[in-house]
Amino acid sequence: MNTTPSLYKKADASGLPLLIIRLLLGGIFIYMGVHKVQDPVSFLKLIRLYEMVPESPPYFLNGSAIVLPWLEIICGVALILGMYIRGSVAIIAIMLCVFTPAIFMRAMNIQATQGTPFMEIEFDCGCGAGVVIIWTKLLKNLGLLAIALLALFSRSRKFCLDLWFERRKPNPMYCHFCGYAVKNPVKGLCDECITPPDLTSAVPEPA
Amino acid sequence: MKALKKTAIELLILGVAGLLIAFITNSVRAKNSIKINKNYFDIGLTVKTPTDSVSFDVNTAGNTDMLNNENETNKPYHLEHPYQEIKYDEVFELLNDPNTVAGLNVFVDARNDEQYNEGHIPGALQCDPYNVGLYIDNIIDYVTGAEKIVVYCGGGDCEDSIFMCRELIEMDVPMEAIYLFVGGWKEWSDNGSPIETGSSEE
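Residue numbers (my numbering), protein chains in the order written: chain A, 1 to 207; chain B, 1001 to 1202.
Pulled out of the complex, with its shape left as it was, chain A reads as follows (with noise of 0.2 Å):
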């Protein structure tokens, strides 16, 4: 590859965005997972709340509350080690992009039967953080959506735990120096990390 890369893939490259999102989304995951695992029953009420899921049979709703606050657990810690990133970055996607729709409907059902404007609108999401006002809730999760697929379509290993158990078992996908995604990695390494730094053409001929 002789293109320059672009800045985004540089950026990529290095891991340290993929680094700065894992532990960032990880924490507020592990963060809003224990919260709601500690009083399971809060969060039944509050997801009921929703009606989207019915309460007869009851083992969808008592269900949910009983797995979604594990699966933030479970996802929060394996981005923090930086295994199965992929994999836990997809569930919290598809947590958001299951939630926030959900918020702003219940929010325009309350704006439509309680004529409150949409910009006062608060009550408890049951995300962990209490009472909150919606608007500012829904922007922050989507910035946590754009983050996440963010660290979804990122090639970069470095700083993870899967990177030492590729380094151990390798697998083709990933320079085994940086971690990076590449097609084909040549001697398991990527064009960054095969190619010497060529010093000659810094260094000046001697007079």
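Among the hints, a few may not be true.
[Stated by the list, open to error] Below, computed lysine to any residue pairings styled on SDA-like, alpha-carbon distance capped at 20 Å:
1) A:K45 <-> A:F104
2) A:K183 <-> A:L152
3) B:K1006 <-> A:G188
4) B:K1038 <-> A:F104
5) A:K183 <-> B:M1001
6) B:K1002 <-> A:N184
7) A:K10 <-> A:C193
8) B:K1038 <-> A:E51
9) B:K1148 <-> B:D1172
10) A:K45 <-> B:S1199
11) B:K1002 <-> A:F165
[Said to hold, decoys possible] Partial list, computed: chain B residues near chain A (C-beta under 8 Å):
12) E1010
13) L1014
14) F1023
15) N1026
16) N1037
Calculated directly from the structure, the hints in this document are not laboratory data. Just so it is clear, CB atoms sit at the ideal spot from N, CA and C, and this is done for glycine as well.
Chain A is already provided as a structure; the job is to place chain B on it using the hints.
The following block gives chain B in isolation, referenced to the frame of chain A:
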């Protein structure tokens, strides 16, 4: 495609792990465990109303308190229920009624530990409808044979008292003995009524 397949496998593994851990921890936790098959929001007896509107305005249980405007304005989400309601004044009178002292009238607080300990109606017994198994022994002796059982929860939008009434029906308490104090703790404390704090000594 390979990446998609790998992502799908990771998703599955995490999902299954999450499911297993969730159900295992739910079954071993002492408190606040959720029974998968129990409908916690069953009001007890199905009430068929002619209009099934989304806005859930007024309680249409067979009582004349419907005419009281207080019921309408403060409750954006109010479930219809079949239990007889009791108002604040009557509850206050019951507190000093000799029958209450004799044990014929019982107050049941349908809130959780934290809320109950912070303050409850004097003499009220705690029974959290979401953790009935833990509290049933506390109240079963008192509610069987009681003439009037006043059930309350937070008040306002809180419906836990309705679900507690259903639990009482399942304990074979006759419906005529059950009275729902809709105003709840909010109305009781807002009126500066006497309160008791701490856990019940049983």
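Here is how each hint holds up against the structure:
1. A:K45 <-> A:F104: Holds, at about 18 Å.
2. A:K183 <-> A:L152: Holds - the C-alpha atoms of A:L152 and A:K183 are around 17 Å apart, at most 20 Å.
3. B:K1006 <-> A:G188: holds (19 Å)
4. B:K1038 <-> A:F104: violated (29 Å)
5. A:K183 <-> B:M1001: holds (12 Å)
6. B:K1002 <-> A:N184: holds (13 Å)
7. A:K10 <-> A:C193: holds (13 Å)
8. B:K1038 <-> A:E51: holds (17 Å)
9. B:K1148 <-> B:D1172: holds (14 Å)
10. A:K45 <-> B:S1199: violated (24 Å)
11. B:K1002 <-> A:F165: With Cα atoms ~18 Å apart, B:K1002 and A:F165 stay inside 20 Å; holds.
12. E1010: holds (2 Å)
13. L1014: holds (5 Å)
14. F1023: holds (6 Å)
15. N1026: holds (5 Å)
16. N1037: The hint holds - B:N1037 has a Cβ within 8 Å of chain A, the shortest such distance being about 6 Å.
Going through the hint list in order, the structure does not satisfy hints 4, 10.
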